[in-house]
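Engineer: Sequences listed follow chains W and B, in order. Letter by letter, the first sequence follows residues 1 to 182 of the working numbering. Letter by letter, the second sequence follows residues 1 to 182 of the working numbering.
No wet-lab data here; the hints were simulated from the structure. Given the structure is predicted, the values throughout are model-derived calculations rather than measurements. Ideal placement from N, C-alpha and C gives every residue a C-beta, glycine not left out. Check each hint, because a few of them may be wrong.
Said to hold, decoys possible - Output of the computed footprint for chain B on chain W, the stretches with three or more beta carbons under 8 Å from beta carbons of chain B:
#, region
1, 4-13
2, 45-51
3, 58-64
4, 112-120
Claimed, not checked - Not the full set, but computed from the structure, chain W residues with beta-carbon under 10 Å of chain B:
#, residue
5, Val-33
6, Leu-98
7, Pro-99
8, Val-100
9, Leu-133
10, Trp-154
Protein chains: 2
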Amino acid sequence: MRVLGVDPGLTRCGVGVVDGAVGKPLRMIEAGVVRTPADATIDARLLGIEQGIEEWLERHRPDCVAVERVFSQHNVSTVMGTAQASAVAIVCAARRGLPVTLHTPSEVKAAVTGSGRADKAQIGAMVTRILRLDGPPKPADAADAVALAICHIWRGGASDRLAAAVAAARTPAGRLPRGTRR
Amino acid sequence: MRVLGVDPGLTRCGVGVVDGAVGKPLRMIEAGVVRTPADATIDARLLGIEQGIEEWLERHRPDCVAVERVFSQHNVSTVMGTAQASAVAIVCAARRGLPVTLHTPSEVKAAVTGSGRADKAQIGAMVTRILRLDGPPKPADAADAVALAICHIWRGGASDRLAAAVAAARTPAGRLPRGTRR
Numbered sequence: 001m002r003v004l005g006v007d008p009g010l011t012r013c014g015v016g017v018v019d020g021a022v023g024k025p026l027r028m029i030e031a032g033v034v035r036t037p038a039d040a041t042i043d044a045r046l047l048g049i050e051q052g053i054e055e056w057l058e059r060h061r062p063d064c065v066a067v068e069r070v071f072s073q074h075n076v077s078t079v080m081g082t083a084q085a086s087a088v089a090i091v092c093a094a095r096r097g098l099p100v101t102l103h104t105p106s107e108v109k110a111a112v113t114g115s116g117r118a119d120k121a122q123i124g125a126m127v128t129r130i131l132r133l134d135g136p137p138k139p140a141d142a143a144d145a146v147a148l149a150i151c152h153i154w155r156g157g158a159s160d161r162l163a164a165a166v167a168a169a170r171t172p173a174g175r176l177p178r179g180t181r182r
Numbered sequence: 001m002r003v004l005g006v007d008p009g010l011t012r013c014g015v016g017v018v019d020g021a022v023g024k025p026l027r028m029i030e031a032g033v034v035r036t037p038a039d040a041t042i043d044a045r046l047l048g049i050e051q052g053i054e055e056w057l058e059r060h061r062p063d064c065v066a067v068e069r070v071f072s073q074h075n076v077s078t079v080m081g082t083a084q085a086s087a088v089a090i091v092c093a094a095r096r097g098l099p100v101t102l103h104t105p106s107e108v109k110a111a112v113t114g115s116g117r118a119d120k121a122q123i124g125a126m127v128t129r130i131l132r133l134d135g136p137p138k139p140a141d142a143a144d145a146v147a148l149a150i151c152h153i154w155r156g157g158a159s160d161r162l163a164a165a166v167a168a169a170r171t172p173a174g175r176l177p178r179g180t181r182r
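Using the sequences and the hints, build the whole thing.
Structural biologist: Written as structure tokens, this is what we have:
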């Protein structure tokens, strides 16, 4: 299973692609950020995020997309932009028929560090260890996106496989459902 | 100038198209809502809103889009969905090269009723009067979207024309900028 993790944001939208399955070693394919200039208009910024996410989907063809769930109680000053960036990422995936799953920040932290209250450094250290990297993906938003993808494989893999099997059973023979790859 | 007004929301996204110019009678072309089921997943809902907005843009070919500005301090329970729906509408317009303008609820109220604190009934009454309708567009979200379009024509028209003139001056002769119609 190949997962694109997205840590939504207007200034730096973290993106990370991880290949793997529960019980097998995971492999990081690529991690980075989609940036938009803080002085651009909101329409230009959201369009830039759409183009960036589309490039990542096109280049890596993930089987599913994991997006961080945004809460209204945190970071009131940036939460609207974060919610808007997440909407763009979700629509890009949905348009391709890819399953989208939201994970909360504490689910992600708990999945990769064992603690729902881990800090950025701890997440970076565990991402480095789990993926056998020389150092954590930079910047931190890229590492967070990779952690989301790891969390999704470890937590959500089973439900994705079930959904794919149900979809396949409902699809006429010889035609794969949209977003499914042989 | 033809304006599509969008009052963003996940359950009922208000949409209204108004033709007109400052100092001339305005004409309502169509008003309605894009609905998505409350029990659907967020990816299905945002995709539904994208498809709905695309249909309205395709059918009415507006010159610009006016979207209500979402604030994080209001309606905490629904604000995330509202922000996400607004992002989808903004990206649909930006992708076509249409200018997008955000107006606050009080700017809209002040534009159509003279008071930034007008209630829904007052907005409906003034929209009816300004557009010479038999009654206010229903539901209220459609009337709000129409009020946004009216507000945009009366407030933002000048800045749109300026932006279009600047864009035209920068474009090589014979080639109109994207989104401009002869």
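Engineer: None of the hints should be skipped; say for each whether it holds.
Structural biologist: Against the structure, the hints:
no.	hint	in the structure
1	4-13	violated (count 0)
2	45-51	holds (count 3)
3	58-64	violated (count 0)
4	112-120	violated (count 0)
5	Val-33	violated, 18 Å
6	Leu-98	holds, 9 Å
7	Pro-99	holds, 8 Å
8	Val-100	holds, 4 Å
9	Leu-133	violated, 30 Å
10	Trp-154	violated, 21 Å
Hint violations for this structure: numbers 1, 3, 4, 5, 9, 10, all remaining hints satisfied.
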